[in-house]
Every structure is written in structure tokens, then in C-alpha cells.
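The listed protein sequences derive, respectively, from chains P and Z.
With the first letter of the first sequence counted as 1, position 9 gets the number 43 in the numbering used here; the numbers rise by one all the way through.
With the first letter of the second sequence counted as 1, position 132 gets the number 283 in the numbering used here; the numbers rise by one all the way through.
It should be emphasised that the hints constitute simulated quantities derived from the structure, not laboratory data.
In this text the structure is predicted, and so the values were computed from the model without any measurement.
Treat the hints loosely; a few may be bogus.
As the list claims (entries may be wrong) - Here are the computed distance ranges between Cβ atoms for each label pair: (1) L425(Z) / A361(P): 37 to 45 angstroms; (2) T71(P) / T308(Z): 42 to 50 angstroms; (3) S256(P) / G352(Z): 36 to 44 angstroms; (4) D240(P) / S431(Z): 44 to 52 angstroms.
Just so you know, even glycine gets a beta-carbon here, dropped at the ideal spot from N, CA and C.
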Amino acid sequence: MSVQVVTGNHAAGYALSAAGEANRTSRGAACGIYPITPQTEIVEYVARFPFSKGRVVPVESEHSAMAVSIGASLAGARAFTASSSNGLAYMTENIMVAGYYRLPIVMVAVNRTLGPPWNIWADQGDTLMLRDFAWLQFYCETSQEVLDTTLLAFRIAEDHRILLPVLTCMDAFIVSHTQTETMLPEQGLVDRYLPDLDLPHRMRYDEARTIGGMAWPHEGLSQRLEIDEAMKRVPDVYQECRQRFTEVFGRDPGDLIQTTGTDDAETVLVVTGTIATTARELVHKRRAAGEKIGLVKLKMFRPFPAAALRKACQSAKRVAVLDRNYAAGSGGVFWQDTRAAFQGHRDDVLIQNYLTGLCGEDVTPAVIDQVLADLASREVAGDPVWMGIETGKETLQ
Amino acid sequence: MNATAPLQKSDSCLLRPGNTNCGGCGMSVGLTMLGRALASANDSCSLVIPACCGIVTAGAFPTTSYGVPPIAATFASSPAVASGYASVRDLNDEPGQVICWAGDGGTYDIGLATLSGAAERNENIIYICYDNEIYGNTGGQRSSATPIGARTTTTPTGKSETKKNIMAIMTAHGIPYAATLSIAHPEDFSRKLATALSMTGMRFLLMHSPCPTGWKSEPEDTVELVRIAVASGLFPVYEVFDGARYRVTVEPDGSDPAEYFHRQRRFKDEDIDLDATRRSCLDRIHRLRMLAREYPV
Chain P
35 MSVQVVTGNH
45 AAGYALSAAG
55 EANRTSRGAA
65 CGIYPITPQT
75 EIVEYVARFP
85 FSKGRVVPVE
95 SEHSAMAVSI
105 GASLAGARAF
115 TASSSNGLAY
125 MTENIMVAGY
135 YRLPIVMVAV
145 NRTLGPPWNI
155 WADQGDTLML
165 RDFAWLQFYC
175 ETSQEVLDTT
185 LLAFRIAEDH
195 RILLPVLTCM
205 DAFIVSHTQT
215 ETMLPEQGLV
225 DRYLPDLDLP
235 HRMRYDEART
245 IGGMAWPHEG
255 LSQRLEIDEA
265 MKRVPDVYQE
275 CRQRFTEVFG
285 RDPGDLIQTT
295 GTDDAETVLV
305 VTGTIATTAR
315 ELVHKRRAAG
325 EKIGLVKLKM
335 FRPFPAAALR
345 KACQSAKRVA
355 VLDRNYAAGS
365 GGVFWQDTRA
375 AFQGHRDDVL
385 IQNYLTGLCG
395 EDVTPAVIDQ
405 VLADLASREV
415 AGDPVWMGIE
425 TGKETLQ
Chain Z
152 MNATAPLQKS
162 DSCLLRPGNT
172 NCGGCGMSVG
182 LTMLGRALAS
192 ANDSCSLVIP
202 ACCGIVTAGA
212 FPTTSYGVPP
222 IAATFASSPA
232 VASGYASVRD
242 LNDEPGQVIC
252 WAGDGGTYDI
262 GLATLSGAAE
272 RNENIIYICY
282 DNEIYGNTGG
292 QRSSATPIGA
302 RTTTTPTGKS
312 ETKKNIMAIM
322 TAHGIPYAAT
332 LSIAHPEDFS
342 RKLATALSMT
352 GMRFLLMHSP
362 CPTGWKSEPE
372 DTVELVRIAV
382 ASGLFPVYEV
392 FDGARYRVTV
402 EPDGSDPAEY
412 FHRQRRFKDE
422 DIDLDATRRS
432 CLDRIHRLRM
442 LAREYPV
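The whole structure should be built from the sequences, with the hints applied where relevant.
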């Protein structure tokens, strides 16, 4: 295992390629790829990887990139791809199909603002748009977390109790293009961690089984119910796969929610991705000064870890949910699910939404200080608060 | 997930009896002939089918009218799904063809970019378009394969544009094999399928496929309509190797195309310019004969 200074994109390309290579002893690896800023380096990495038994198909659109991966997965190969922003929007129809076909495809998404206006910077609206399909979603903070989570994703996705595709997400540029020290495991360790893919419902050329034809309502319903049952098994399977990861790689890939100081915290910040790095630093400082404040980083968003989140916020009286996304006409997506997780369980908690870092705005310690000042001043929760707008006006003037 | 025991593949019957396709369906004839060609070549196939009558043919889960495994692809995606599926077949040295079976909507319209991508990459697949010149599955709307003058639910006074020349588009990709298929000429049909099955790389086949429901024609006229279309030059039957070498495989005999229009109630006399149609038939034949003469197989 070597430590190298690499970007999030490099880490993702490394993990996808090593996972694909690990299936050379079974039916191999295949995927469709298509470039889009800021994930292009991931598919470039995959395209130049010398697979022993694999094919990378450079297709004519994101829609076809996922379609090729669907075909490859249905044939029993390990399949994956990467995309971002409007690319994910264009791919969406086939993203949905991969979930409903129960295909263990892993996709790395670099979170980029959906256009227009055209904007290449970080915003999670692209992957959160996909939240209601049958995909697991993980949000990562560092290159190391991208690498670890991508490998973990294959193991969870291919577990016969799950058989669902996984999205591994990272913030545009802040992770995708920033070089940090990252442990890159040797192929032999990845081989040990990822057993040969055995897709029980893969297509076989000598069986006359139709996949994806018409189903009557009761058949469709039972297939949706099976997805729900698989989603409910994810937290336990995650812990098993995490434990195995630690055994093989000698490193803990982290829990599905990660907390700082929540044991006695009366004020809790709920964040995702790189906002966690800034917020954690601030929480450490304030706790050192005696404040009862804590941090929850949601690593897993689908399935939503409602029970774990409630547990982490046991002593909380006020919760600020920082969303780097905006669901038009509603508010932040993480806020919506956080409120739903508390409702009927803990109705005494003030849960306030802050829209921070949208369209690539920086979320600085000063922004989080403003969030906390606003939260402390509140008697009751109100509409989602837009952060950074005043700053934006000043910049325009 | 499919919990039922897998149905056994049928070597003798690609399209099983008991399917719910319409009487006189050209696509059903094509599927039957495809099954026979595979059996003759001692070959097998998996089908990749986008949204079209071909996937409705399969019937409701967990039954299937196909004697082979079909995958339902999204409307625009069959050549891309087939690319991934065939790649894994080839990585594992497995037998059998991967065949896209798609209507004209999935081929000429929504799936054209995907098809072009697969052709440009020379994917090792066979693509068969059964062209019934409408969105048949949704009840008969215009596609870019609908001929000029045809009434559809979205061209209630007759289509004003001419039919897209998909063969010209596909041959322009320089793919190993492109051919048109006539269900009125089964020997030619079978020979072309045998040719396609013996080759590798991208093979594109276009089948004229009457749809009595959409064409407002009589089911028993299905084969006769195709015979007139071929004889008159409305639907020339030919093959192109490497996008460069041409052969007309059934010579048109100069039949008048008028009968083709009279037998379908989608065409009204006032919407059809027969003289212009006759001229375009002659022109189409002349061009193909010239290509076959100058660039023979």
C-alpha cells in the first residue's frame, strides 16, 4: 500500500479500475464512459487502465454510457461509470433502470451545479435529483474517502442481500481536483476485498427469460417491496462490509454517519461532503471554549440513516441543516429528510435549514458562524435561510 | 427480481404460438423467419428490444412469448445495451448473437444517435429494424420513417415530409453489412440473415413491416403489400458491404406502385401524388443499379 498525493478524481479512477480488474477471475469488467467537467479525469483513468479482462466503451452520450454498463452488468460483468451535473440529468432514464433491474453498478458522481446558468462548481443538486430511485448514495469529504467508499460500494452493491447500484459523490474541484495524501491499495488487496461478482439474475444466453417486460400491478408492487426490504438491510450490511474493509486494508472507511462532540451537544450542525471539514474545525474550537456544540456528517443519504441521526442528536435542542442544494419550491433536501426523521420521535427539536454553498459559493468558517448566530437567536424554526446572497450583492456592486 | 424457474430456451421457435400480436403483423413474420435462420445456421441469440411492439410481444411477467432471452432496453438505448452485453459475451468467448430488434421510432428517431455510435464503433452486434412506418405501439403516430402523404394520428391530413433514408445513413458509417429484407421474398431474406450471421462487427438489417392496425390494411394483404413495394421500387431490396459495395438482390419489375396505396386506407387519393411517386421509384432504382454497377460486390 503506497501513499500518494492524488486528486479525488484520480482516487475514483483508481478504485473503479482496481475493482473492475479484481473481477478478471470471473466474467470481467465492462463499462460505458463519456466525459463531462469536472469528472473527465475519472473516465480517462479508466480508459487507459490495462484491464486483463475488460472493455471500456467510449460512447456518444451519458445516456448510452449507463446503457452499456447496464448491458455489461446484465451479462454478469462488474460495471461502473462516472458522471456529473447535466450529464447525470441526461443519463437519468437509464440510472433509474439500473436500480429497478437490481444491478450492482457503481457510479462516481462529481457534484456540480446543474445549468443554466452554466456553472462548473460544487452543488449537490445533481445527485440529489436522483434520490428517489433505487440507488444507494454516499457523500465523501476527501480523496481517501472517495477511494475507500468506492471499493466499499462494490462490496455492498454485490451483496446478495442488497443487489442495488451505488452512487459515490464528491464536491466538484474541492475534492475532485485537489491533491491530497491518499493510501492507494495494491491490486492484491482489492482482489481480497472484492470476491468474484456473482449476479444471481444475470441473463444467460441459454435461458428464455425476459428481463424488463411488462408486469401486472401486483408483480410490480412486489418488486418495489423487495427494493424496500433491501434498502432496510443496508445499515447492517454496511457495517459488515466496513469491518471486512478494516481487516483487509487496515483502515476504517468510516461510519455511515460521522459525529463530532454530539454526546452532550445542545446545538448540532448536520452537514455533508467538504462542508464537514470546515464545520468540524469550527466545532472543535467552540467546544474547546466550552460550548455544547456537535457535528453530524451524513455520509450515507440513501437509504436515509434516520435512526442513527436521531441517536446522534439525542441531547440536541437546536439543529442546523446545511444544504449545498436547493429543491425549488421547498428547501434543502437533507433538511427535508432530517425533519422527517425527527417528526413523531422528537418534536421538541428546533430544526432550521440553511442553504449554503449553492452554485459553488465558498462555505467559510464565517458563513457557519453566521448560521450559528441565526440559529441561537431563533424562538421557532422558519423558512430555509439563504446564505451568501448579501455577499453576492456586494460583489456585484 | 424474477423468482420463477427459468424457462427453457427453444431451438425451434423464436416466437412462440399464443403470442398476442395482431393478425397480419409483418414483425411477427420477421421474427419467425429470424428464428428459422438461426436454427439453420445452428446459431442462437439474445434479443435487446427497446420500447416497441417487439417488447410487448414478450407478454406479461413471468411468462414470455420468446424462445430466446430478451432484454428490455429504454427507448433510445438498445444498441448501447447490446454493446455492453456483447462485450461481455466476447470477453468470455461465449456463443450466440446479440440482436437488437427495434421499430422505426427506436431506429430512425429517438435511438438514431445511439445506433450511429454503435455503428461507428463497429460493435459486434446485429441490428434489425422492423419498419412499420409509424409509432405502432402507441396507436399510430408519425415517425421520420412515415412516407409522404400517409395519414397518422399526428398527421391527420397526410404527412408532408418524405421518409428518411436510413439505409443511406447506415451505409455512410461504412459498417461491414447493411441490407434490406422483404418478407415477400423469404429465400432472399434467409440468405441475407445467413450472411449477417456469418459475419462479425456491426450488421444492420431493415425490414419493411406492414402493420394492418396502423396502415388500415387487410391482414391477408401484408405479404402482397411488401411484394408490390419491392416490385415497384418503393422498397428496394439490396445489400451493401463495408458501406461501399452494392448488390440489388431482387430486381424490381416495373410494377405500378398505385396498387400499394389503394390497398391501404392510411393513404387518401387526394394526399398522394402518384406521378411524383413513380418518378421517385424509378430514380431510387436507377441510383441503386448505378451503384451496384460501379461498385459491385
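Now the hints, each set against the structure:
1. L425(Z) / A361(P): 37 to 45 angstroms: 58 angstroms, violated
2. T71(P) / T308(Z): 42 to 50 angstroms: 47 angstroms, holds
3. S256(P) / G352(Z): 36 to 44 angstroms: About 42 angstroms separates the Cβ atoms of S256(P) and G352(Z), which means 36 to 44 angstroms holds.
4. D240(P) / S431(Z): 44 to 52 angstroms: 47 angstroms, holds
Checked against the numbered hints above, the structure violates only hint 1.
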